[in-house]
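Peer 1: Sequence:
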Amino acid sequence: MNNYDVIIIGAGAAGLMCAIEAGKRGRRVWIVDHGKKTAEKIRISGGGRCNFTNIHTKPDCFLSQNPHFCRSALSRYKPADFIALVDKHGIKWHEKKLGQLFCDDSAQQIIDMLLTECREAGVRLNMETTVSAVTPRDGGYFISTDHGDAQCQSLVIATGGLSIPKIGATKFGYDIARQFGLSVIPTRAGLVPLTFTDELAGRCKDMTGLSVEASVHFEKTAFAE
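Okay, so the sequence shown: first residue is 1 according to the numbering used here, each after it adds one.
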């Protein structure tokens, strides 16, 4: 049985970044993921070019039940830090509107960058690996997988939410959270299409594909883009 300092379940953006930083600190890290490919949400983000950060990112931009978390997290790792990492790997990028930064070429460049950083940090990565059980043991955690069992001192669940099941999203992370008695907020859709009445849909049919300046108001909140 292998022993690790950190086991991370989930090889998306959060899991890979966590592994990189832990590996840089000398931790022995193993990432496991049930999917075939790493970072699938990165791959499809920004229309395939990955909107990898926003230069105007600040705590006020986030809606959270714990606003202090965003403040502390962003004080430790700023957009400029990630931009420096992108520049280190020679990835060309450009700014679109509202401070959004995109790769000139492809989102795959960001994925390759993160995987390179993982390798340099000594991180072990296994895809297509199913975790069948997670149990507390000896002050750490025992992980059972179809690629063998392992034990760790720290366990990170970075499986993401329920969005986009077709690229592998499941409720696994929620189940583990409940297993360990963590509070789980009921999920609800955060990004959805609008459903028009037949009359309005008919009036808007010729506008399909158009992009215009618009503002949305709800109670005391307003957003324009």
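These are computed hints drawn from the structure, not numbers from a lab. We put the beta carbon where it would ideally sit given N, CA and C, even for glycine. It cannot be assumed that every hint is accurate.
[Unchecked claim] Estimated spans, in silico, between C-beta atoms of each pair: (1) 146 <-> 120: 22 to 32 angstroms; (2) 136 <-> 171: 19 to 29 angstroms; (3) 95 <-> 120: 34 to 44 angstroms; (4) 95 <-> 201: 31 to 41 angstroms; (5) 95 <-> 133: 17 to 27 angstroms; (6) 181 <-> 94: 37 to 47 angstroms; (7) 120 <-> 181: 52 to 62 angstroms; (8) 68 <-> 1: 35 to 45 angstroms; (9) 87 <-> 175: 23 to 33 angstroms.
[To be verified] Distance condition first, Cα-Cα at most 25 angstroms in a straight line; then the derived DMTMM-like pairs of lysine to aspartate or glutamate: (10) 78 <-> 105; (11) 58 <-> 198; (12) 220 <-> 104; (13) 37 <-> 138; (14) 88 <-> 105; (15) 58 <-> 5; (16) 24 <-> 117; (17) 96 <-> 21; (18) 41 <-> 81; (19) 88 <-> 40; (20) 96 <-> 60; (21) 96 <-> 81; (22) 36 <-> 21; (23) 78 <-> 95; (24) 88 <-> 21; (25) 96 <-> 213; (26) 37 <-> 60; (27) 58 <-> 87; (28) 97 <-> 87; (29) 92 <-> 104; (30) 171 <-> 149.
Peer 1: Now look at each hint and say whether the structure bears it out.
Peer 2: Hint-by-hint comparison with the structure:
no.: 1; hint: 146 <-> 120: 22 to 32 angstroms; result: holds, 28 angstroms
no.: 2; hint: 136 <-> 171: 19 to 29 angstroms; result: holds, 21 angstroms
no.: 3; hint: 95 <-> 120: 34 to 44 angstroms; result: violated, 28 angstroms
no.: 4; hint: 95 <-> 201: 31 to 41 angstroms; result: holds, 35 angstroms
no.: 5; hint: 95 <-> 133: 17 to 27 angstroms; result: violated, 46 angstroms
no.: 6; hint: 181 <-> 94: 37 to 47 angstroms; result: holds, 46 angstroms
no.: 7; hint: 120 <-> 181: 52 to 62 angstroms; result: violated, 37 angstroms
no.: 8; hint: 68 <-> 1: 35 to 45 angstroms; result: holds, 39 angstroms
no.: 9; hint: 87 <-> 175: 23 to 33 angstroms; result: violated, 39 angstroms
no.: 10; hint: 78 <-> 105; result: holds, 23 angstroms
no.: 11; hint: 58 <-> 198; result: violated, 40 angstroms
no.: 12; hint: 220 <-> 104; result: violated, 37 angstroms
no.: 13; hint: 37 <-> 138; result: violated, 33 angstroms
no.: 14; hint: 88 <-> 105; result: holds, 16 angstroms
no.: 15; hint: 58 <-> 5; result: violated, 32 angstroms
no.: 16; hint: 24 <-> 117; result: holds, 9 angstroms
no.: 17; hint: 96 <-> 21; result: violated, 29 angstroms
no.: 18; hint: 41 <-> 81; result: holds, 21 angstroms
no.: 19; hint: 88 <-> 40; result: holds, 23 angstroms
no.: 20; hint: 96 <-> 60; result: holds, 21 angstroms
no.: 21; hint: 96 <-> 81; result: holds, 19 angstroms
no.: 22; hint: 36 <-> 21; result: holds, 24 angstroms
no.: 23; hint: 78 <-> 95; result: holds, 17 angstroms
no.: 24; hint: 88 <-> 21; result: holds, 16 angstroms
no.: 25; hint: 96 <-> 213; result: holds, 15 angstroms
no.: 26; hint: 37 <-> 60; result: violated, 33 angstroms
no.: 27; hint: 58 <-> 87; result: holds, 22 angstroms
no.: 28; hint: 97 <-> 87; result: holds, 20 angstroms
no.: 29; hint: 92 <-> 104; result: holds, 6 angstroms
no.: 30; hint: 171 <-> 149; result: holds, 22 angstroms
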